[in-house]
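**Student:** Take a look at the letters that make up each chain.
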Amino acid sequence: MQIYDLVIIGAGPAGITAAVYAARQNLNFIVISRDIGGQTALSAEVENYTGYQVISGPELVQRFEKHMHKYNINLRENESVLNLKRNGENFLIKTDKAEYLANCVIIASGKQSEQLNVLGEQEFKNRGLAYCAICDGPIFAGKNVAVIGGGNSALDAASILIKVAKHVYIINNAENLKGDQLLRQKIEQSANVTILNKSQVLAVAGDKFVKSIKIKNNGQEQELAVEGVFVEIGLVPNSEFAEEVKRNQKKEIMVDIHNQTNIAGIFAAGDVTDVPEKQIIIAAGEGSKAALGAFGYLARKKTGNK
Amino acid sequence: MVKSIKVYTTPTCPWCIRVKSFLRDNKINFQNFDVSSDQSAADEMVKKSGQMGVPVIDIDGQIIVGFDQERIKLALGL
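Read top to bottom, the protein sequences are chains A and B. Each residue of the first sequence is one higher than the last, beginning at 6 in the numbering used here. Each residue of the second sequence is one higher than the last, beginning at 84 in the numbering used here.
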């Protein structure tokens, strides 16, 4: 099996930026990713990426991708990393499709939506239960829907859904909605919204598709007739494949100022790490830092000076 | 070799954008249905695929849910 200089896991802002840097250094490397753009591809409007006053998430991702493909990059899309571990002097990366060896790894696998873990969630996935309002929201035009969560991503989802759905229930665990005040006001003032604070989802039910959810509101169980359920209760890092790498309580990969993890030769960047603040521009910057860290490591390794 | 290709999408979903650009890059003609504005297309998509997520690709009756590049390539003989 050939040994790559570098394997980059993930192709969001951090992974793509690292790939651009690696290509410019003529490294022998591959990028393995489930998708392109990660969470950025699911963002509506981005107004804080320098150089673009306003750009949609998907459009920004297209620009990232175009930039990456300016170079001849070996990209393994639709491929999930299952395990990453030390293998003597190098690293073994197992995916759902193949195995790879690398001298150095950059983990930039980002985060994904947290699951509800209630009865019916798996059964009704894509059958009325969704994790992306911007993607699937329009299909629920004229229907009653529920948004689960009370933070910014729930508010974002609700603001998309109030424009298309008949009625939007917000099922919020806390006493009040959190998140951006302007967005909150806009939602609270909408005619077709019911906010249910101190509420939890107990189960999702239906036949072939979602028909209702069972909730507990202020200790009282009740059933809501909805055909769509949007789960927006937060994000979890995609770090489960990196068992040997040190992670914090939130399962975020811990990195030093050079993006190195506790294992020499494994770097990490972007939302999967414990770097404070999850922003597209921060992830991109961290991706470049990790790439520079990786170059240094590879150079030291080559000269035998670790 | 003549294939009928229908793609059911919404304008904002990133995977829909990727499916469409993938087909265009491979010079494949397709019919796009925007299920956010075309209710009968939305119903047709749900009926065909048995689910409500976009994108859905119908290649000569073979239904593929999501941007599954390998299955799409296989179905198109790419």
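Please note: incorrect hints may appear among the correct ones.
Just the calculated beta-carbon pair ranges, DEER-fashion [as the list claims (entries may be wrong)]: (1) B:Asn112 <-> A:Ala208: 42 to 50 Å; (2) B:Lys156 <-> A:Glu64: 21 to 29 Å; (3) A:Asn157 <-> B:Ser123: 44 to 52 Å; (4) A:His263 <-> B:Gln152: 30 to 38 Å; (5) A:Glu248 <-> B:Gly160: 21 to 29 Å; (6) A:Asp212 <-> B:Gly160: 31 to 39 Å; (7) A:Ser293 <-> B:Ser123: 44 to 52 Å; (8) B:Ile111 <-> A:Glu245: 34 to 42 Å; (9) B:Glu153 <-> A:Glu245: 22 to 30 Å.
Computed from the model, here is a short list of chain A residues facing chain B with C-beta under 10 Å [as the list claims (entries may be wrong)]: (10) Gly42; (11) Gly224; (12) Gln225; (13) Ala230; (14) Glu232.
Hints in this document: simulated from the structure, not taken from any laboratory. Ideal Cβ positions, reconstructed from N, Cα and C, are used throughout, including at glycine.
**Student:** Sort out which numbered hints this structure fails and list those numbers smallest first.
**Tutor:** 3, 5, 11, 12, 13
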